[in-house]
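Protein chains in written order, with our numbering: chain G, 1 to 369; chain F, 1 to 98.
Hint data in this document are derived by calculation from the structure and do not stem from the laboratory.
There could be a bad hint or two in this list.
Sample of chain F residues lacking proximity to chain G, with all beta carbon distances greater than 12 Å (derived) [said to hold, decoys possible]:
1. H38
2. Y39
3. E61
Quick list of simulated restraints, FRET-style, between CB atoms [stated by the list, open to error]:
4. G:P325 / F:E91: 37 to 47 Å
5. F:P31 / G:D174: 40 to 50 Å
6. F:P31 / G:R58: 53 to 63 Å
7. F:R79 / G:R42: 34 to 44 Å
8. G:R275 / F:R79: 26 to 36 Å
Virtual Cβ for every residue (Gly too), placed ideally from N, Cα, C.
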Amino acid sequence: MSLTDDMKAGLQAPICLTWELTYACNLQCVHCLSSSGRRDPRELTTTEAEAVIDEIQRMQVFYVNIGGGEPTIRPDFWHLIDYCVDHDVGVKFSTNGSRIDPRVARELARSDYVDIQISIDGADAATNDHVRGEGSFATALTAMDHLADADFGEFKISVVMTRHNIGQLDQFADLAHRYGAQLRLTRFRPSGRGAATWHELHPSDQQQRDLYHWLLDRPDVLTGDSFFHLSALGEALPGLNLCGAGRVVCLVDPVGDVYACPFVLHDDFKAGNVRDEGGFERVWRNSELFAGLREPQSAGACASCGEFDACQGGCMAAKFFTGIPLDGPDPECVNGYGEELVAAAAGATRPLVGADHSRPSPVKFLGRR
Amino acid sequence: MGCVGSTEPSMKFDIDRAYRLNDRVALRPEPFGALAYHYGNRRLNFLRAHDLVTVIESLAEHETVRSAFDAAGIAGPRRPAFEKALASLAESDFLVAT
């Protein structure tokens, strides 16, 4: 058995557990994969959240990736971070930076177990704010300044790759270098509000190739192993080149629902709830959905393609929300096999995004570019 | 955060020395062996053999790695692979010389 085969069969506990603490957010990013905005009244209470932490400590989930929404909006956010650290659960949290003031930065700098990821989606205000909202670039940079002033050390700058920012790769690298930060680039998925903006924002074929070569030259840039579909272009990118959904990865949403991965907040990929009898552990180990995902998967329409072993058919979430069968090609398949299917599915009924917590006002782009 | 790098000259792994698992490393049993996680440098290692896990867990009880190998019956052609695995774990601070 190879390591990949071990991963496909599933682990005793996830390696990468994403936990979204709240659907509340002060931003309304046009690609938000959880369609966040308003808090959900059913969100886990502090006591329930502590019980989840106790449980993942028992299961030896070594660290969690906390997100949202904007997780720092929760009044008990800092308490829950401390609770994780006190229970041997390391924390990496994603934030838009709006709550990282000088005092918070100093407190964070004191912990060895807390890692921070600040999101920006452009190397300048115009590009970033187009996606994340006016003023959000300045806010993120101010937070980075506070972390640097507090000698926090190496934080992460996280960027979702779009058609408008792939040309800024070197600028992102420079920005990270300037702050002594680690750059993390991830794939744009057509999930959440991203389903509506994907067609306009996802990278072009040429941009994907440029990104692939740029990443091959910079193995120290993190990717969350999210570009494995690009490994079909030749040499494999570093990291786990397969879909980890329900095998090594899962998502716990603010109301405790457990999904196969952070990009499929949809009933079809909901395995259970941490409030159910047996809690998270039972969902992870015994849910039918996850058991199915750990079975050998058919290569389907990609079986005859020479690159299948390299790309493994790509991203399940990207296929699902663009209306492509799960055993079909990735919508951004580098051999172009996905494009036709995306076009064919465009007129048909696409799966609706699950729980939508967007604020009532429709999301608008900040003008045309 | 702390810097993962070190300015000290890296010590070569020596099978005739004593090593033990770093206190900041946790092992999680898995069907293929174990996952090792280092809370300090946040690195993850896949220990993909059950007797490799046995050897690592027993290191603290032995004066030398060689003696831990002998006790676990790691001999012949398997030994170089185990030595290499342990050397790499020592290199990344999962094991510390005592």
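Here's how the hints hold up against the structure:
no.	hint	in the structure
1	H38	violated (9 Å)
2	Y39	violated (6 Å)
3	E61	holds (23 Å)
4	G:P325 / F:E91: 37 to 47 Å	holds (45 Å)
5	F:P31 / G:D174: 40 to 50 Å	holds (44 Å)
6	F:P31 / G:R58: 53 to 63 Å	violated (18 Å)
7	F:R79 / G:R42: 34 to 44 Å	violated (57 Å)
8	G:R275 / F:R79: 26 to 36 Å	violated (50 Å)
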